[in-house]
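> Let's have the full structure, built from the sequences with the hints guiding it.
As given, the protein sequences belong to chains D and B, one line each in that order.
Per the numbering used here, residue 9 is the first one in the first sequence, and the count goes up by one each step.
Per the numbering used here, residue 1435 is the first one in the second sequence, and the count goes up by one each step.
These are computed hints drawn from the structure, not numbers from a lab.
Hints may contain errors.
Okay, the calculated bits of chain B under chain D, using three or more residues with CB under 8 Å as the criterion [said to hold, decoys possible]:
1) 1442 to 1452
2) 1474 to 1488
3) 1494 to 1507
4) 1541 to 1547
Residues from chain D that keep clear of chain B, each with C-beta distances beyond 12 Å, as calculated [as the list claims (entries may be wrong)]:
5) V15
6) G34
7) R66
8) S71
9) K83
10) Y104
11) S116
12) P120
We put the CB at the ideal spot given by N, CA and C, even for glycine.
Read off the chains here:
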Amino acid sequence: MKIKDIVELLNARVIVGQDQLDSEVGMAFSSDLMSDVLTVETENLMLITGLANVQTIRTAEMSDINKIVFVRRKKVSDDMIRLADENDMILIECDYSMFKASGILYQSGVKPVY
Amino acid sequence: MHFEFQVEGGNFSKAGTASSQLKKILKQLNVDSRDIKRVVVALYEAEVNVVAHAYQGVIIIDIDTEKIRIRIEDEGPGIKDIDLAMQQGFSTASELVREMGFGAGMGLPNIKNNTDELTVTSEVGKGTNVHMLINFSI
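Now the structure itself:
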């Protein structure tokens, strides 16, 4: 599934990475706990999280994750945008709950990590 | 190759900058991406630990063609019971640390999972030293 399809399904907004709308997403992982994200060995997955701070971006950087959907109306800060830009990331803001966003994407074929 | 980075205790806005710089260095050295991930995840966890618990710390890194050795030496409260700290789920992290998405008692166990050798020594009231070694797969 492409980023642009995900944006439409989640009624979401791309904050960083407008030039990567055709980028493919195969798997996703939903968590607010960055320690859990750091244990995932799968590469090239999308993170769905309600934790919006600089450490979310850092965690993604270390985990080779370059696509993040922020759920529950969380706002991406300027510091987060700057760091995401440096790392060629896609940041998306979504008003849905984590459960709803994850459910819609799962139903549409995005695979879980485990 | 030898590198050193300073870590400021309590400053979460800078936590991860050393790991980020090391990631760029390892990429330039053409280290395998899976090895890079093991190294930077382990270092990032350790860096967050210093920021979360200590007053200040230094990261000392030595890289050769086969392996990377990292020492993290901090000045801080130290760890009273290292065996307990190594257990998954044990944490003394503050509410602030938890708000940043950490403090679930997974850092040290995750460092262990990503390294080939890990030694943690500590003196209560003085600080903690973490030594880790990762062999490159290629």
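> Compare the structure with each hint and give your call.
Evaluation of the provided hints:
1. 1442 to 1452: Coverage by chain D holds here, the residue count being 4 at a Cβ distance below 8 Å.
2. 1474 to 1488: Coverage by chain D holds here, the residue count being 5 at a Cβ distance below 8 Å.
3. 1494 to 1507: Violated - the stretch 1494 to 1507 of chain B has 0 residues with a Cβ nearer than 8 Å to chain D, which falls short of three.
4. 1541 to 1547: holds (count 3)
5. V15: Holds, because the least Cβ-Cβ distance between D/V15 and chain B comes to about 24 Å, which exceeds 12 Å.
6. G34: Holds: least Cβ distance 17 Å, greater than 12 Å.
7. R66: About 4 Å separates D/R66 from the closest Cβ of chain B, which leaves it inside 12 Å; violated.
8. S71: For D/S71, whose nearest Cβ neighbour in chain B is about 7 Å away, the distance does not exceed 12 Å, so it is violated.
9. K83: holds (16 Å)
10. Y104: Since the minimum Cβ distance to chain B is about 20 Å, D/Y104 lies beyond 12 Å and the statement holds.
11. S116: holds (27 Å)
12. P120: At about 20 Å from chain B, D/P120 clears the 12 Å cut-off, so the statement holds.
The earlier numbered hints that this structure contradicts are 3, 7 and 8.
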